[in-house]
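Novice: Sequential numbering of the sequence shown, starting at 992, is according to the working numbering.
Where hints are given, some of them may not hold.
Stated by the list, open to error - Label pairs and their in silico Cβ distance ranges: (1) Glu-1022 with Ala-1085: 28 to 34 Å; (2) Arg-1060 with Glu-1022: 19 to 25 Å; (3) Thr-1145 with Ala-1078: 18 to 24 Å.
It is worth saying that the hints were derived from the structure and are not from the lab. For glycine and all other residues, C-beta sits at the position ideal for the given N, C-alpha and C.
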Amino acid sequence: MATTTRGRPRSFDRGAALGAAALLFWEKGFEATSIRDLTERLGVEAPSLYRAFGDKRRLFEEAVAEYDRTYGGFIDLAFAEESTAQAVVLRLLAEGPRRYTRAGLPRGCLVVSGDAGTADAEVTGYMIAMRSANVARLAERIARDVDSGALPATVDALALARFVFATLNGLAAAAREGVPLEELEAVAAIAAGAWPVSS
992 MATTTRGRPR SFDRGAALGA AALLFWEKGF EATSIRDLTE RLGVEAPSLY RAFGDKRRLF
1052 EEAVAEYDRT YGGFIDLAFA EESTAQAVVL RLLAEGPRRY TRAGLPRGCL VVSGDAGTAD
1112 AEVTGYMIAM RSANVARLAE RIARDVDSGA LPATVDALAL ARFVFATLNG LAAAAREGVP
1172 LEELEAVAAI AAGAWPVSS
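Let the sequences and hints guide you as you build the complete structure.
Specialist: Here it is as structure tokens:
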């Protein structure tokens, strides 16, 4: 049974609340997560939630950014640490299946599935912009390798980048459905084998 204490209430930990919200949105997505779900998970009353984050949409956007900082980041690291498009892609395909099936965390990827089923155009636009930025960044790296001769001149940089991220997004969706790691890795290996090579 809960007890009450006199004096000032415990201060609101915004960072901890944001982390809890990120996990909840990762589990359920924007549309299926209610304000009641959020207040129960975060341990705050609705007025405190609104004061801290504004509306549910603003909280979701902050939670996605928090997710990316805390649980994502492997895409950014691959781009930062690998010098060629091929190295970036092979690293993403190798790491993706393990990232999407980590023990103790929701399966899949919040950036891939967080806006599923919502009619909120602002939320959808925000998430599409995040996904599109990754495609554009990879397309630019592929085009650079085409120009240098590391990839054949016939390669369509944008199409190849879309293929890679369609594969990664599909792996995340399959992981969310419970497909085992070994099967995800087998799919990723097929995609890696489709990478074009210069003659």
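Novice: Next step is simple, just say for each hint if it's right about the structure.
Specialist: Evaluation of the provided hints:
| no. | hint | verdict |
| --- | --- | --- |
| 1 | Glu-1022 with Ala-1085: 28 to 34 Å | holds, 32 Å |
| 2 | Arg-1060 with Glu-1022: 19 to 25 Å | holds, 23 Å |
| 3 | Thr-1145 with Ala-1078: 18 to 24 Å | holds, 21 Å |
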